[in-house]
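**Student:** So the chains spell out like this:
Number of protein chains: 4
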Amino acid sequence: MAGNSFGKIYNLTTFGESHGEAIGGIIEGCPAGVSLDFDAIEAEMQRRKPGQSAIVTQRKEPDSVKFLSGIFEGKTTGTPIGFVIENTNQKSKDYSHIKDTYRPSHADYTYDKKYGVRDYRGGGRSSARETACRVVAGAIAKQILKDVKITAFVSAVGDLELKAHYSDLDFSEIEKNPVRTADAEMAKQMEDFIKVIRKQGDTIGGVITCVIQNVPIGLGEPVFDKLHAELGKAMLSINAVKGFEYGSGFAGTQLKGSEHNDIFNEDGSTKTNHSGGVQGGISNGEDIYFKVAFKPVATIMQKQQTITSEGDTTEMQGKGRHDPCVVPRAVPIVEAMSALVIADYWLLNRVSKI
Amino acid sequence: MAGNSFGKIYNLTTFGESHGEAIGGIIEGCPAGVSLDFDAIEAEMQRRKPGQSAIVTQRKEPDSVKFLSGIFEGKTTGTPIGFVIENTNQKSKDYSHIKDTYRPSHADYTYDKKYGVRDYRGGGRSSARETACRVVAGAIAKQILKDVKITAFVSAVGDLELKAHYSDLDFSEIEKNPVRTADAEMAKQMEDFIKVIRKQGDTIGGVITCVIQNVPIGLGEPVFDKLHAELGKAMLSINAVKGFEYGSGFAGTQLKGSEHNDIFNEDGSTKTNHSGGVQGGISNGEDIYFKVAFKPVATIMQKQQTITSEGDTTEMQGKGRHDPCVVPRAVPIVEAMSALVIADYWLLNRVSKI
Amino acid sequence: MAGNSFGKIYNLTTFGESHGEAIGGIIEGCPAGVSLDFDAIEAEMQRRKPGQSAIVTQRKEPDSVKFLSGIFEGKTTGTPIGFVIENTNQKSKDYSHIKDTYRPSHADYTYDKKYGVRDYRGGGRSSARETACRVVAGAIAKQILKDVKITAFVSAVGDLELKAHYSDLDFSEIEKNPVRTADAEMAKQMEDFIKVIRKQGDTIGGVITCVIQNVPIGLGEPVFDKLHAELGKAMLSINAVKGFEYGSGFAGTQLKGSEHNDIFNEDGSTKTNHSGGVQGGISNGEDIYFKVAFKPVATIMQKQQTITSEGDTTEMQGKGRHDPCVVPRAVPIVEAMSALVIADYWLLNRVSKI
Amino acid sequence: MAGNSFGKIYNLTTFGESHGEAIGGIIEGCPAGVSLDFDAIEAEMQRRKPGQSAIVTQRKEPDSVKFLSGIFEGKTTGTPIGFVIENTNQKSKDYSHIKDTYRPSHADYTYDKKYGVRDYRGGGRSSARETACRVVAGAIAKQILKDVKITAFVSAVGDLELKAHYSDLDFSEIEKNPVRTADAEMAKQMEDFIKVIRKQGDTIGGVITCVIQNVPIGLGEPVFDKLHAELGKAMLSINAVKGFEYGSGFAGTQLKGSEHNDIFNEDGSTKTNHSGGVQGGISNGEDIYFKVAFKPVATIMQKQQTITSEGDTTEMQGKGRHDPCVVPRAVPIVEAMSALVIADYWLLNRVSKI
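Residue numbers (the numbering used here), protein chains in the order written: chain V, 1 to 354; chain R, 1 to 354; chain A, 1 to 354; chain X, 1 to 354.
Take these hints with a grain of salt, some might be off.
Unchecked claim - Non-contacting residues of chain X with respect to chain V, defined by C-beta distances greater than 12 Å in every case (computed):
#1 50
#2 175
#3 251
#4 321
As the list claims (entries may be wrong) - Under 7 Å between C-beta atoms, here's a sample of chain V residues computed to sit facing chain R:
#5 221
#6 255
#7 258
Keep in mind the hints are simulated off the structure, nothing from the lab.
Beta carbons: idealized from backbone N, C-alpha and C, even for Gly.
For reference, chain V alone in the conformation it holds in the complex (with noise of 0.2 Å):
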């Protein structure tokens, strides 16, 4: 109820602030017998994790996760996933500058009014650290998942943006690049524009697709939980994301319908995908993709007039290592959540007939 949890069937809880000694989560209703490949889930890891590149922020996490319980010679078990990640970072800081003062557009003000204390070191609970446990559950239904295929990438920096369509992209670029988006040659001016934009002491946000393919029709739940929705639920739960659009989008309401619609060929599937693999709220069998808007990170390197927590004017400045831009590293956090979305409601299709 706290909104701690994600998922019906396979579902995730997680605990941790940024700067405790853990961070970690519980996996529950991992059904029992897939075989775990770590590698996978350490790879998932160190595609989120700080400091892999020049254009993210240069903070050292080692972000190794330990698995603490649900798991035997190298199996699940049926029984709950427990697991840890340590903060290795939480000791040396000093957060005076902080402690009785709201940073303009974080999370500080809002927790303090709601839950009446807070926990001042960094972001606390509402830190993007927490979608470490996310990769890690996103991770292990990836291998629940084995044919379905989930791809992210960077698709706007700014007003750098990628306009092609996806099937027109080079997925296998995506990974060669600090940006993660799909064209070497984006990816290079992305790269440059975001070292600028650092050089500022500003931020940029961006815009990440996602693209789901051969997924089973059927998944889905109609009416309120459509599949398209808690896709964007999902989405909206990571931190810094405005918007969130599939299939047609914003731009399928300038359509009519005679263009809209997607005609079926004889076996079902459709010649075109306004629909964005869901009708009905249910998966059709089609690619599944959709975007995901990115707003700048709200920490800058630049004086900001803000106010403490007495109501107060004063001054302030980011200190430490922070993101210029945040697109690059949440490429893996948007393959997780969709991971955890796909996975349980493919669990829960399992009983949508007798």
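Following the hints, position chains R, A and X against chain V.
**Tutor:** Frame of chain V; chains R, A and X shown alone:
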């Protein structure tokens, strides 16, 4: 689990197909002691019902709600509020043209694949008629939220777009025109455009903007159940919705942090509101505003190629009376879903502190 | 959250007060493709309804269920099954004697304190009339569980107790006598005893035993949602229930481990069944059996001292037609709740392995 | 859904096997602002831990809890409280005797059938070691419930039964004897009896009585989530529990309504308390009291016939250090589960009225 239920504390479960005897629902978790204004509930139903103006479907459905429980001497008792809305239209229709045919971009195909059976009379469970139940529950939620003001309006029909910031619009215009847009001049243009589209036997998409004012500070559960994530899911669960953005939305991805950050006033309010009234998933007391993208209605009065359930190619054309543009009637649904989320999170926030 | 919903996958939500216009419910998560036998549902309703014999309440309530959705051409469609049962008795009554008076050992006082308002017409929401909805959902659950055999019977009325082990009883006797006990001779004694009690204007408690046979191995979720824990909750949620024991129950506390342990046969079955068909919270294929204790009905036809809502002492006496002993009519309710649990856990078990 | 989570608002999810690296859990929904007394938590852990007296298992497990999140400067922050308890005993053991053998009346067989894999090191997930996590969450729940007094004690060991009404017992005796019974003389008899049983290599069952005092009026959700139904489920979820009765319980079935009804005093309290502090599923302010039946521990130090996973007959004998009688160490677990339910329903009751 099967997707017919919405809300954690204030919870609506709905049932019913478009052409069964009745649709209805149960509101669980409505607090005791709410004095109900039944006329206000009825008024919301009238805003959604078919046949209300020349630019919506001309079907005649009285859409009167009958409450069966949970209310005593005009007040809620804390027990579940059961209600039904009779389907008056369900008998006379001839469905032979869709019985064995999958309508393009409808849910016929996916329901059939998921469940192995399909109620082929109209949209069945996938019909937007289900949203009448949401309007009932939303109307009661609005009465719980005495001080909160929820205003939705049509901000685009096709490429006719209301570009002004919502604070520069006159909300009192909205219910004066059949399009439910917040500008008299634009209303005329949109109305004319919809009429042209209808004459073509076609349909057109649109956008609804919603503004929620006077929201208490502190609503929203961090991490997975952020307030905007739940609003996003609520909106994406409405039939025909393809996208959701709040605050700065997709446009915000092109801003720098120094431009996007909302600087505090001394009272904790902010000078700008790119955040859209939510920081870290929790309401900050500023206006919550968001946009919802609706695709064009799939049923068009033109011949389209499609397939039968046997996989044979055939041709079909919409019959009966359908909406050429769904957004005018979707305005009260967007408001209702907003009210459900805000009422639910308002109750949930009662347990955040000892 | 407010307690009107039962079940994880196969889920029943009920609404309705004893003297409102109707009671009813929504069954969510019933798999598609179940061919319904409506006569069998009706027959279960008849087993529960008032006025069926000389030893139960003589109220006349037809208790016919009307299905509104989720069923098409005799089969479930996977969408929610909405249903209503009209209250035919609700108009004529005079409640002035209980309007401001708290009946002893009823829920009048606690409802009033909890909610601040109370529907004083009969028991309102606390009336056992609500269990008619459980019988509807249980009757459908039984049809999902084709091979499972659920048999409940009265094993005690007051101190008249059926002492034989259930395997020595003739279950075919149960529906032949109005008490619903599994022994013709005892049936006569119990019936006579209940008549004496009624003549005294008094009521008497009793015990129901339930045996569930042919349960698949593997049902039950470890730790908090053990199969017997859910059965226990299901039974304790029935009006007037004061206790639940399964397998060896309270008597088993006096045994030694060497006496109590169930030794395996080579096929995995056990030589004894002190476990009651459940080991570690999971069904092992042996018969599940348990006992449910019912207190005497609180409404008696004798003068009792009580208080008004103002805290003044007063006297009252039950009016109308009430059950002198609740267990004969509770037999189908115990079976229904058993069916709800087993159907739910059977569906849930589909996701235990990859 | 997979049964490792308990509670609606104040929610505990646990993980861990008896012989993995650690067990632990996440408490979600603990309100912010609770000042924690860590010594009190530790004291509860000591009451449950092995090796505490001569009549319980002599295993050495320090059972120290380490909190990882959700607490800042000694106070809860409203964010999830993650914790781990290391397993110090997990390495040295030899499990070859149970690896392929199903222990009678344990969960080996049912886990293997349900999941297809089994962690054969000790009880794995089915071990009562898991209850240490419940004691942690219960100890915090007790600190939320400042005014509520929860007292459990052993009321029977085998056929040695404490027959006095709880109000005639001296609760201050309970922690003075290793059996945790509320009578010094009976304590001696029970202790001696357990020692005899242990010398026989056998085990014995028992009963725990629990009394909850000063419960606010109004806790409990009608219909399916009655307060006593949730307490019953909570107790039945504890390892080895076979039965639950509250108030008059099974004995109450032999009473007449005129004897059983609790007559009101003018202040709303009742002259008798057969109801056990709950009427219609809602607390009425009187003492809540109930009994919990525990079967004898299944592991005995005697040779027993059993089968292998291949279905061959074999013989086995318990090894290591096990409890001859589980009830002395189960007392804090019964209290912990009581505290979880009461805290949860106390929070839930905040939303019952507008």
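**Student:** Could you work out which earlier hints the structure fails to respect and list their numbers in ascending sequence?
**Tutor:** none
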